[in-house]
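A.B. asks: Here's the letter readout for the chains.
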Amino acid sequence: KAGVTQTPRYLIKTRGQQVTLSCSPISGHRSVSWYQQTPGQGLQFLFEYFSETQRNKGNFPGRFSGRQFSNSRSEMNVSTLELGDSALYLCASSSPSDTQYFGPGTRLTVL
Amino acid sequence: SQELEQSPQSLIVQEGKNLTINCTSSKTLYGLYWYKQKYGEGLIFLMMLQKGGEEKSHEKITAKLDEKKQQSSLHITASQPSHAGIYLCGAALGGGADGLTFGKGTHLIIQP
Numbered sequence: 057k058a059g060v061t062q063t064p065r066y067l068i069k070t071r072g073q074q075v076t077l078s079c080s081p082i083s084g085h086r087s088v089s090w091y092q093q094t095p096g097q098g099l100q101f102l103f104e105y106f107s108e109t110q111r112n113k114g115n116f117p118g119r120f121s122g123r124q125f126s127n128s129r130s131e132m133n134v135s136t137l138e139l140g141d142s143a144l145y146l147c148a149s150s151s152p153s154d155t156q157y158f159g160p161g162t163r164l165t166v167l
Numbered sequence: 006s007q008e009l010e011q012s013p014q015s016l017i018v019q020e021g022k023n024l025t026i027n028c029t030s031s032k033t034l035y036g037l038y039w040y041k042q043k044y045g046e047g048l049i050f051l052m053m054l055q056k057g058g059e060e061k062s063h064e065k066i067t068a069k070l071d072e073k074k075q076q077s078s079l080h081i082t083a084s085q086p087s088h089a090g091i092y093l094c095g096a097a098l099g100g101g102a103d104g105l106t107f108g109k110g111t112h113l114i115i116q117p
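Top line first, the protein sequences correspond to chains B and Z.
If you use this note's numbering, the first sequence corresponds to residues 57 to 167, in order.
If you use this note's numbering, the second sequence corresponds to residues 6 to 117, in order.
It is worth saying that the hints were derived from the structure and are not from the lab.
With a straight-line cut-off of 27 Å between C-alpha atoms, the simulated DSSO-like cross-links for lysine-lysine are: (1) Z:Lys41 - B:Lys113; (2) Z:Lys32 - B:Lys113; (3) Z:Lys61 - B:Lys57; (4) B:Lys57 - Z:Lys65; (5) Z:Lys74 - Z:Lys32; (6) Z:Lys73 - Z:Lys56; (7) Z:Lys43 - B:Lys57; (8) B:Lys57 - Z:Lys41; (9) Z:Lys69 - Z:Lys32; (10) Z:Lys109 - Z:Lys65; (11) B:Lys69 - Z:Lys43; (12) Z:Lys109 - B:Lys113.
Covered by chain B, per the in silico footprint, the following chain Z stretches (three or more residues, Cβ under 8 Å): (13) 44-57; (14) 107-116.
Model, not experiment: these values are computed from the prediction.
Cβ coordinates follow ideal geometry from the N, Cα and C atoms, glycine included.
Start from the sequences, fold in the hints, and give me the full structure.
C.D. replies: See below:
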């Protein structure tokens with residue numbers, strides 16, 4: 057089976073812009089979670105989608121949003137980018153046993 | 006304070022030596038995951054431990070879960086350069102409602 061894929065792998069944006077990241081889960085996995093990883097805060101949970109519905113949400117401002125499509129692919133959007141949004145954004149899809157398998161990540165740099 | 010504390014934060018080990026990484030939780034552990042990450046890349050799933058006293062091994066890596074101590078350990082035997090990277094423990098401390106909570110990671114360097 058193919059693993060979790062994320063696009064793009066690298067992004068450079070400027071403050072105030074918005075960005076959309078994409079994640080395709082492992083075939084058959086219906087749950088997708090998003091995490092932000094920074095050197096200072098480590099890995100932090102953003103949100104989880106299951107069957108096109110947001111099931112859980114972490115402690116992030118409303119500028120961070122996401123959605124999931126009927127084929128389980130997910131996107132996350134960050135509006136009005138701030139310098140502090142520079143991070144590695146990781147997507148994970150969950151197996152039926154709840155093990156999360158991660159994608160390679162999208163490295164976002166905000167200038 | 007950190008809900009999942011990993012120790013040590015970094016570790017330099019000579020190739021061929023054994024090593025242990027610890028992960029201690031401030032809350033009851035109902036299950037724990039170990040991942041490995043190469044710098045700037047995604048997380049590679051290593052093992053999931055679900056029951057107290059459970060021990061799993063894969064190649065030269067062994068992980069144990071001590072529920073009473075709210076602790077897990079990851080042991081690498083006869084370390085190799087391929088073991089270098091960041092090891093992260095993660096757990097669903099909020100029952101899954103907050104996703105997985107991760108430790109800060111242990112940076113492992115293998116010296117030839």
